[in-house]
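Taken in sequence, the protein lines are chains A and B. Start counting at 1 in the first sequence, then tack on 232, and there's your number in my numbering. Residue numbers are given in my numbering: position 249 of the second sequence equals residue 242, and the series is strictly consecutive.
Honestly, the hints are just simulated from the structure, not real lab data. The structure presented is a predicted model; accordingly, all values stated were derived computationally and were not measured. Ideal Cβ placement from N, Cα and C applies to all residues, glycine included. Among the hints, a few may not be true.
Stated by the list, open to error - Covered stretches of chain B (in silico footprint by chain A; criterion: 3 or more residues with CB under 8 Å from a CB of chain A, positions within the stretch not fixed):
#, stretch
1, 62 to 74
2, 95 to 104
3, 109 to 116
4, 126 to 136
5, 194 to 208
6, 218 to 229
7, 237 to 248
As the list claims (entries may be wrong) - Straight line, CA to CA, 20 Å or less: simulated DMTMM-like cross-link-like pairs of lysine to aspartate or glutamate:
#, chain 1, residue 1, chain 2, residue 2
8, B, Lys131, B, Asp114
9, B, Lys161, B, Glu235
10, B, Lys2, A, Glu291
11, A, Lys362, B, Asp261
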Amino acid sequence: MVGSKNRVVLSVVLISLILVFFYAPIASLMVFSFNNSRSLTSWAGFSTQWYSALFENREMMQAIWVTVIVALLTTVISTVVGTLTAIGISKSRRIIRELIINVNNFPILNPEIVTAIGLMLLFSSLQIEKGMITMLLAHIIFSTPYVILTVLPKLRNLDPDIAEAAMDLGATPFQALWKVIVPLIMPGVISGALLAFTMSFDDFVISYFVSGNGVKNISILVYTMSKRINPTINALSTILVVIITVVLLIVNLAPLFKKKELRGTE
Amino acid sequence: MKVFGNLVKPYLFWMTAFIVVPMLLIVLYAFTKHGNSVMAFQFTFDNFGKFIDPVFIKVMLKSMQVAIITTVVCILIGYPIAYIIANVNERLQTLLMLLVTIPMWINMLVRTYAWISILSDSGLINSFLAMINVGPIKMMYTDFAVILGMVYNFLPFMILSIYTSLAKMDRALIHASYDLGANQRQTFLRVIFPLSLPGVISGVTLVFLPAVSTFIIPKFLGGGQYMLIGNLIENQFITVGEWNFGSAISLIMAMIIMLSMYLTRRMDKDIVAEAQGGNKW
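Full structure from sequences and hints, please.
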């Protein structure tokens, strides 16, 4: 039997090793984005040349724009569609509810590449030209099921009579929806929106199959450029990592601050 | 409430057009001949017949093998880690789980790309080895690199899944086991481990599914010659332009995945049933 002291030491060692395993590759990627040479292994002093190269590269700047615009539009549209549908589902008959939830699970359970191919075939048989529109449509299509899945549990916890009460008191259905139901499920809506944003922002597989004609998002650009070692990709990756980490920290720390605020007003 | 029930109607159309129709298109392409642009579909099994070729069967088996090894390694590393995290105090648990899950959100291409400069012949590991006069060891473009890349990308899902099942476990059961005279080992083997199996099983699906279908990791770390089923599909659609054959392979892959999901779900139910049944007097 291992003594309890040894056990603590072992635990600390294992956890440290796993954190090194998770973060060392990302850290080295970020460190070498500031290297003063093309090498990704030997340090030649600090420099921001790869960041200037990044911002001077038109293709990269364009990819960043495409990614941000598609991600923002996807977030807004899929959050609105997903939330309204989730509210609809919660008030529907059981058979419709089960039907939607089951079909909705398809893109979630299927490998991304299968969803990607299905959409590619759809767009090509409708003869929609591949480009930013197809990318945006595809992102909205694959994010919406996740938004629905995130919002639904919040609706399940809601008092089923609350909208009726609002309408008995003279609210129109729209007011009941906008002023009563939506505020109550806001936490779910926000996490759905963040999920949609990060999924669209990071997507590669689906964008790769459905876009074309020179329209690239950041992931597609990384894919096409990464066959050779290129510190500009490190610079771009560093920016991506920082953005995603900041979003995650806000999401995870915001509730803590809110709690503090509430405590403060008590 | 009728008024709000109407809100699902647009989505019924949306869902049919964008989820159901694409699936049907894959099936249609898989069972028809190339060049049916005039809507004159010619039904055929050729695309599936083509797949029964030693070359493709080999790719299929290789994908399964790599995905299974990845899954096993993820369980072996992920279980102890999840177990340790589930047993520290609550604040540390939140912090550690945040640290484990952050990499999940970072772009998969970026995470995989990061390993290239570590594993390559003149990479970080080989530079260190050169300092102590060892090596260089060839790591890039090997099975090792591909499996390492997969473990790196998918391990957080396994840890998260096992941790969730360990953390929500009723502590009273563990205390009861000790009170009834079981030692630590017996308590783990007879109480904790069986109760955490649903977490392991959902972790297996979360790791196995992406591992069997990814084409980025083999492409980056296995090189252009490294073929897994995902690469095969990508090739058919992007390089070769054989959409019908590509659809057939996707369909086969989707079937295998659906089947393995169904089996794991059944196993999950059996285990839960057994655990509950086994506790009856």
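(request) Hints the structure violates: just list their numbers, smallest first. (result) Hints 4, 9, 10, 11 not satisfied by this model.
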